[in-house]
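**Q** Whenever a hint applies, use it, and build me the whole structure from the sequences.
Protein sequences appear in the order of chains A and B. Going by full-length UniProt numbering, the first residue of the first sequence is number 1, and it counts up by one from there. Going by full-length UniProt numbering, the first residue of the second sequence is number 1, and it counts up by one from there.
Derived by calculation from the structure, the hints in this document are not laboratory data. Each hint can be trusted.
Heads up, simulated SDA-like pairs for lysine to any residue below, C-alpha to C-alpha not over 25 Å straight-line:
(1) A:538 <-> A:462
(2) A:358 <-> B:152
(3) B:186 <-> B:111
(4) B:169 <-> B:188
(5) B:56 <-> A:547
(6) B:56 <-> A:551
(7) B:186 <-> B:77
(8) A:358 <-> B:31
(9) B:151 <-> B:24
(10) A:210 <-> A:354
(11) B:151 <-> A:362
(12) A:445 <-> A:430
(13) B:186 <-> A:543
(14) B:56 <-> A:540
(15) B:170 <-> B:111
(16) A:533 <-> B:43
(17) B:29 <-> A:553
(18) B:186 <-> A:462
(19) B:53 <-> A:543
(20) B:56 <-> A:537
(21) A:538 <-> A:446
(22) A:137 <-> A:339
(23) A:442 <-> B:74
(24) A:442 <-> A:536
(25) A:358 <-> B:125
(26) B:151 <-> A:360
(27) A:538 <-> B:6
(28) B:151 <-> A:364
(29) A:358 <-> B:124
(30) A:531 <-> B:44
Residue strings, one per chain:
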Amino acid sequence: MVWRKLGPTTTTTTARRRRRSNLANILISLLLVLICSLLFDVFSGGDGRRTRSGFVEGAFGRNDGGGGVGAIFWITGGGVGGGGGNGPQSNVGIAIAVTVMAGLAVAATLVYSNRGHLQSPWSRRRRKHALQPKQWKAFFDEDGRLCDGGVKFLKKARSGGVHPSLRAEVWPFLLGVYDLKSSKEERDAVKTTNRKEYEKLRKQCQQTYKSSDKTAQIKEMCGSDSKDDKDDGQVLDPSSPRNSLSPSLNQSDNLKPCESGGDSELTCTRETESSDSDSSVEAEVMHPEKLAQETDTSSSNTESKTLNPYRSESFATWQRIIRLDAVRANDEWVVYSPSQAAVCLAKALELAESVCLKDYNHLEACRIFHAARLVSILEAYALYDSEIGYCQGMSDLLSPLISVIEDDSEAFWCFVGFMKKARHNFRLDEVGIRRQLNIVSKIIKGKDSRLYHHLEELQAEDCFFVYRMVVVLFRRELTFEQTLCLWEVMWADQTAIRAGITKSAWGRMRLRAPPTDDLLLYAIAACVLQKRKQIIDKYSSMDEILRECNSMAGHLDVWKLLDDAHDLVVNLHDKI
Amino acid sequence: MSYAYLFKYIIIGDTGVGKSCLLLQFTDKRFQPVHDLTIGVEFGARMITIDNKPIKLQIWDTAGQESFRSITRSYYRGAAGALLVYDITRRETFNHLASWLEDARQHANANMTIMLIGNKSDLAHRRAVSTEEGEQFAKENGLIFMEASAKTAQNVEEAFINTAGTIYKKIQDGVFDVSNESYGIKVGYGGIPGPSGGKDGSASQAGGCCS
Chain A
1 MVWRKLGPTT TTTTARRRRR SNLANILISL LLVLICSLLF DVFSGGDGRR TRSGFVEGAF
61 GRNDGGGGVG AIFWITGGGV GGGGGNGPQS NVGIAIAVTV MAGLAVAATL VYSNRGHLQS
121 PWSRRRRKHA LQPKQWKAFF DEDGRLCDGG VKFLKKARSG GVHPSLRAEV WPFLLGVYDL
181 KSSKEERDAV KTTNRKEYEK LRKQCQQTYK SSDKTAQIKE MCGSDSKDDK DDGQVLDPSS
241 PRNSLSPSLN QSDNLKPCES GGDSELTCTR ETESSDSDSS VEAEVMHPEK LAQETDTSSS
301 NTESKTLNPY RSESFATWQR IIRLDAVRAN DEWVVYSPSQ AAVCLAKALE LAESVCLKDY
361 NHLEACRIFH AARLVSILEA YALYDSEIGY CQGMSDLLSP LISVIEDDSE AFWCFVGFMK
421 KARHNFRLDE VGIRRQLNIV SKIIKGKDSR LYHHLEELQA EDCFFVYRMV VVLFRRELTF
481 EQTLCLWEVM WADQTAIRAG ITKSAWGRMR LRAPPTDDLL LYAIAACVLQ KRKQIIDKYS
541 SMDEILRECN SMAGHLDVWK LLDDAHDLVV NLHDKI
Chain B
1 MSYAYLFKYI IIGDTGVGKS CLLLQFTDKR FQPVHDLTIG VEFGARMITI DNKPIKLQIW
61 DTAGQESFRS ITRSYYRGAA GALLVYDITR RETFNHLASW LEDARQHANA NMTIMLIGNK
121 SDLAHRRAVS TEEGEQFAKE NGLIFMEASA KTAQNVEEAF INTAGTIYKK IQDGVFDVSN
181 ESYGIKVGYG GIPGPSGGKD GSASQAGGCC S
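**A** Laid out in structure tokens, this is it:
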């Protein structure tokens with residue numbers, strides 16, 4: 001994908017139509033389009049391997065806020081020439097095609113300048129309804145395959161979210177559990193495999209409860225008074241419990257949880273998964289008893305510190321913290337999930353017992369049930385992705401998922417898909433979180449140098465004040481329903497990128513902003529920018545900004561946020 | 001609101017010991033039985049009076065899990081006081097105190113006043129750490145100690161205010177250069193409103209004693 005931006009971009013939200021400037025704009029458009037086609041010609045001639053599909057955006061306008069005309073030109077030439085070079089003839093062809101397209105684009109410019117400026121899919125004027133059950137059904141052919149590779153579906157989900165009644169069915173597509181091109185039959189097979197895999201993980205968790213030499217520890221984990229507890233959460237051996245559990249990371253290709261540097265310990269070994277028999281699992285995966293011993297024999301803090309700058313936590317520590325966090329998960333989900341809210345006490349207690357949950361006497365049945373489900377899945381995840389294990393904040397991400405998806409195995413695999421990107425937020429070395437804060441900082445710098453300068457003066461340009469938003473993806477700042485909408489839009493973007501639907505397909509949609517992996521970060525920057533005046537005029541320390549950010553809960557509108565984020569993506573995507 | 005001094009505090013300790021609840025009890029005088037876990041840092045503030053001077057406490061409440069330590073560490077710098085909290089019903093939170101203390105000593109300024117708090121004293125029937133053990137640990141490490149309950153509010157005021165009193169005394173004794181904000185102390189311009197003193201009077205008086 002080649003992105004090229006020609007001409008100065010302009011802030012488009014405030015742009016209004018001005019007839020007087022139309023003619024001038026059209027002339028400029030024509031000129032730029034000609035230059036662009038020339039450039040394109042030269043460019044494609046220079047590198048035959050490069051894809052011939054490019055998104056050329058020209059947004060022409062004046063920054064006086066009076067007039068602005070935007071146009072998008074999608075230029076689609078021939079496909080990539082089978083690895084070899086393309087002859088000069090094809091270049092001529094492309095040049096002609098480009099010119100023709102340019103003509104059309106000028107016409108489009110005219111149309112848009114008459115209709116007013118092209119807005120983001122999330123602006124109030126263009127706001128779409130959520131994907132409806134009827135539409136969803138109509139997307140599938142007789143094999144249960146999404147008709148056009150899922151393009152229409154993603155477009156719809158991206159612009160308006162998903163109807164609440166569809167979420168449990170749709171999310172596995174948005175989270176990469178099911179391939180967009182899969183048939184019903186293929187999905188059923190994936191579902192079966194996934195279920196077995198999840199059950200296997202749960203079985204391993206259960207074994208840690210039973211294991212006899214761990215009794216004391218589990219008692220402690222469950223909140224009793226064991227005095228001989230030695231678990232100080234500091235395991236120094238880098239091979240435990242990490243790595244040794246990695247064979248469980250063997251999901252379908254699109255669920256490999258690792259790409260970036262530093263994750264190399266995680267091996268995704270789908271091929272090696274041979275059978276479902278317990279013995280093979282035992283061979284691959286560390287014995288739970290051993291897990292317990294690792295904890296017991298862990299060395300003192302000082303030792304582990306000198307050996308490993310990022311002290312890792314043991315599985316037993318994760319189990320303990322998961323339980324602490326599960327019983328204090330909030331209950332915002334209750335009104336959105338009536339069937340789970342109505343769970344009977346006996347069932348809740350039974351489940352709580354089965355995962356060794358304690359200290360829940362103050363909770364009502366549905367919250368006990370919810371807490372027990374959180375424990376089941378988080379614990380299984382800690383085994384599945386032992387590099388991350390469990391980190392606080394993950395329960396914030398899982399809670400909405402299990403509220404929507406009633407089946408534990410399905411919820412688990414959706415969570416795995418969700419975590420594929422979010423897991424970087426939870427790395428002990430904080431590389432992931434810092435990278436993201438850095439991007440937010442760059443967006444603010446690119447958009448608003450005055451605000452950025454102010455932040456620099458307060459030594460707050462590292463944007464640590466949005467830490468929480470990055471870690472739990474706006475879960476604390478938005479209401480339950482709004483969070484789900486934001487996540488759906490964000491997932492749709494990520495799915496589009498994963499499926500390679502970023503070329504002509506988006507062009508047909510006339511969505512100006514390209515899908516981006518970092519939509520959330522643009523939304524975070526947008527919400528800081530919404531407060532710019534206050535920050536510049538009133539705040540003279542980082543503390544005050546952090547306080548402002550932490551108190552945004554309930555005051556944000558998700559669609560306004562996305563609309564503003566869209567504007568930032570359009571203007572800054574190439575620069576960041 | 002004007003103040004004679006502003007003291008920055010940090011609250012540290014294992015996850016689930018009740019750090020946020022202590023803060024909420026202190027700032028809002030209420031108890032929330034189910035409190036969202038803290039992600040990163042949160043913030044609270046309250047005015048108190050010591051020696052007839054209005055003092056603003058600016059309190060940073062931190063997340064307890066190891067994973068958040070490197071962000072919380074950056075808040076040690078510039079803190080005048082720390083509340084180090086454990087849960088008297090969970091032994092391991094007491095066992096981890098040494099590690100927290102080491103962290104604090106390493107990243108905070110040397111004169112930071114540390115108050116050790118054994119929280120959840122209302123749950124005496126589930127006690128796993130005796131008061132004596134807490135006292136002993138505090139004594140060995142030169143900390144002020146108190147058992148408290150965020151639920152019943154027992155000793156919560158005292159914990160925050162006694163810490164402030166110690167910091168105030170250190171200022172009186174000239175331990176801090178209050179013009180250097182990295183000690184977590186800021187001299188304000190507000191004095192005691194009312195007949196007893198002029199606005200600037202108390203500030204300059206307070207500032208004067210340690211220059």
